[in-house]
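K.L.:
The chain contents come next:
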Amino acid sequence: MAIERIFKDEASEEKGERARMASFVGAMAIADLVKTTLGPKGMDKILQSTGRGREVTVTNDGATILKSLHIDNAAAKVLVDISKVQDDEVGDGTTSVVVLAGELLREAEKLVAAKIHPMTIISGYRMAAECARHALLQKVVDNKEDAETFRSDLTKIAMTTLSSKILCQDKDHFAKLAVDAVMRLKGSTNLESIQIIKKPGGSLKDSFLDDGFILDKKIGIGQPKRIENANILVANTAMDTDKVKIYGARVRVDSMSKVAEIEGAEKEKMREKVQKIISHGINCFVNRQLIYNFPEELFADAGILAIEHADFDGIERLALVTGGEIASTFDNPETVKLGHCKLIEEIMIGEDKLIRFSGVQMGEACTIVLRGASHHVLDEAERSLHDALCVLSQTVNDSRVLFGGGWPEMIMAKEVDELARKTPGKKSHAIEAFSRALLAIPTIIADNAGLDSAELVAQLRAEHHKEGCNAGIDVISGSVGDMAELGISEAFKVKQAVLLSATEAAEMILRVDEIITCAPRQRENRM
Amino acid sequence: MAAPAISIPAPSSKTESYVDNKRKEDIRQANIVAARAVADAVRTSLGPKGMDKMISIANGEVIITNDGATILNKMEVLQPAAKMLVELSKSQDAAAGDGTTTVVVIAGALLKQSLSLLSAGIHPTVISDSLHKAAIKAIDVLTAMAVPVELSDRESLIKSASTSLNSKVVSQYSTLLAPLAVDAVLSVVDPAKPDLVDLRDIKIVKKLGGTVDDTEMVRGLVFDKKVSHAAGGPTRVENAKIAVIQFQISPPKTDIEQSIVVSDYTQMDRILKEERNYILGMIKRIRATGCNVLLIQKSILRDAVTDLSLHYLAKAKILVVKDVERDDIEFITKTLNCLPIANIEHFRAEKLGYADLVEEASVGEGKIVKITGIKDMGRTTNVLVRGSNQLVIDEAERSLHDALCVVRCLVNKRFFIAGGGAPEIELARQLGAWAKVLHGMGGYCVRSFAEALEVIPYTLAENAGLNPIAIVTELRNKHAQGEINAGINVRKGQITNILEENVVQPLLVSTSAITQATECVRMILKIDDIVTVR
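Read top to bottom, the protein sequences are chains A and B.
The first sequence begins at 1 in UniProt numbering and counts up by one.
The second sequence begins at 1 in UniProt numbering and counts up by one.
Among the hints, erroneous ones may be present.
Said to hold, decoys possible - If you want a taste of the chain A side facing chain B, the calculated C-beta under 10 Å gives, among others:
{"hint": "1", "residue": "Leu33"}
{"hint": "2", "residue": "Thr57"}
{"hint": "3", "residue": "Ile196"}
{"hint": "4", "residue": "Lys199"}
{"hint": "5", "residue": "Glu263"}
For the record, the hints were derived by calculation from the structure and aren't laboratory data.
Since the model is a prediction, treat every value here as computed from it, not as a measurement.
Idealized CB from N, CA, C, for every residue including glycine.
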């Protein structure tokens, strides 16, 4: 007798062919969604929030788009996840990885329809991926030794990354900004010390790199607006009133003068605290909390620059870059690490006044001030710049470089194709499919640019049969061009990550033959 | 909610040639149409004969304005692309302060042209790229047209301020407000940093009553406050010594909760006496420094002054202004060249500010406090705006802000160019000529943009009730003959040399309008999908 039902109410189960179809379709839909953002002529998307305020984001960044989607398909979620991982790991190529995985699945679908077992496909894909990686490894260029060439490599990579983003018109400018900022990091991948400040107004071209730290705060009244050789104490302490913080504590007195005495005592406590802070030998005090009028005046009298209400992120960064520590008690001046910088001054960006700390101890720190027409432009510019910075900081460590513009995909496709010819058995179909999926990337780049992709890709393939070819798609002129001359480069690390994680994701989805949807947790009806 | 993204079944991508699918076309079209609707809404307010809009806000308030940024700000648009145009006018407001309508109108015209280019089958990125090129070229053309101006040349500055004011409700007062704006800005320019003007150093005080004619610039400090003279204290003090205090002259209050226990009658008497002594002690200390004017910061924790302390202060002949906002303290101390005093212990003579006269003046129904003849006054200025009703005052303030911004632009970038549609027509002409030497589709796009820029003179003429086509054609004709400063003289209803008519505007306003409008249009063009997200 057949078992009627194993699962709970509302839980559903999809099996075999159906499950596979569901995951294929979901994954491909996601890939198609972001496909049009690929390449230098890719389009942007508006993300309209359904939440309060109906905020609008305009973006070209695959990871940002996918992150914010409502998704109800298990396989689609896998793709979203790999794009997230790609974003965390290398920062760029978030769209490519999803598109490649989608294409791999599209090819797999055809193979499955031709009655090839998913496991065969998987092992074919694995062999193909390994082979493709080798092909790339053989072609990489490493210019780490030669500082001059290395820098130009970095600039090229930055330009390539930025060319698909909103910053593409001023990519020379921003590539230089990004390279300068990353070179300052001296090999660390800690992007924390690069601060990005967004100020609406002006145009993107007016953005600049400032070698220092900029805090979006005001200097207290009557205090010096400019300090040289500053000793900075960064603190998180209450500077409003030092209350006795026991609940219900109250004072009972029988005369007005005693109240005045207590008030005086409170003032005195605050004065002591300020005195303690001053005795650290500082001339700049940055507090996360409010500084009331009274201590503010005391600081002003002592000629100390006091900044109140710096946000949490602000003081942590400030402590980091000036080399200080965030203090909250002031009894032992000798144990508190002070921050130092050469100059603190007030500067004006647009309509706002900000405070600049220049010549900070941590030489790596710098601030990029972005200007742009609107918040949308600025937000997108920040995301783009962040991508470029991520890629660059990764490249500084792993300085292997490849050409861009569909060149690596062509190289890989060629090698994989050859492997397919050598491999006996059904696997070779899967390997061939892999190479077709790789070719889809240059095809999409050409498609997005409104070019005749079939013609271009065929031309490219012919070019690549020659030895030592640098041909790729030159989207600007709409023809096949020499990537070395055009200066289009990509980081090896990004390409490798795209290749490997896309293959893994495709493999994972291929393995699925059953989807079980658990019963949704019942919400209590509070009507 | 079902996932909208997944609901579209994946089409199998067998097609290798370029097809932009229907949905994407639709979205682009919808965006452009929505954005243009916004642009059309403000179009009629452009120019000296532009009309005003009356906006009634949800809470029943009514605003009458001609300022593009304000109109758009109050319009509650939901469509994402339309929102971007609103943002655009905001950022023009931040960057240049004026030309907020112009920038939206230009963006609308560019979008209109883009739409026809798109339907001709040109790829959006090609359009976007040529737009960028055209914008760069446009800036060059504008810069070449510009006339340098010196800050000492007050006449020219006034001219450009009045051009800005002429399109506002308060245009009949432009002879008064324009010089006022110029003087106000020039008075806050710091000789050490000649390029920087912080408009926060100019405080605008609004007071109902009178007419806009009575608006004046006060070299000193104006408060929209009354002198507290409950107990008959002075309302006019000559040779004032002013203290800005951040403590309160009232019975003491601790931060810890406190209560005074009164157990018998004599104790009550004693407490009353103590309170009196306490306040008297404070006032004596204040008096000892020679201070005779007190500005007291507002406090939420306790009363700034009590009746009792007011009484003693009146006796000590000290003028008191209470409830000064904390945000204003910086401005006040900068103006008075004094330091705020947060504690009675620190009340010393060197922290005081000095002024020749502090007096309470009645203005209309209300009263204000004026401090004039300040010794070593900081680089700040006060402007007292008057008007017969709240709507007029608000609009006057906005217009004055625009005029101030215009002068600030001239301080930042010391060039001005002709107004009256002259630069736009010249741009259209030069870009049109340039398009002919460009290769490929770019040339075609640039030519359309050149035409799009003619929207400004067209709208100016239209709003002035002139025949737009006749005017624009004649303008083109004049410009082709090399009269680059020929523009629409709205007052005479004909084409004249607009520089001679004193219609000028800062270069920065025009360049920023062009760059910002193109940046925004390019962004809208590149969008091919609207995705609903969390």
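K.L.:
Hint by hint, say whether it matches the structure.
P.N.:
Here is how each hint holds up against the structure:
At about 6 Å, the closest approach between the beta carbon of Leu33(A) and any beta carbon in chain B falls short of 10 Å, and the interface hint on this residue holds. Hint on Thr57(A) holds. Least Cβ distance to chain B is approximately 8 Å, under the 10 Å limit. Among the interface hints, the one on Ile196(A) is violated; its C-beta lies about 18 Å from the nearest C-beta in chain B, farther than the 10 Å criterion. For Lys199(A), the shortest C-beta to C-beta distance to chain B is roughly 9 Å, which falls under 10 Å, so the interface hint holds.
Interface hint status for Glu263(A): upheld, as the beta-carbon distance to the closest one in chain B is roughly 4 Å, under 10 Å.
Violated hints amount to a single one, hint 3; each of the other numbered hints is respected by the structure.
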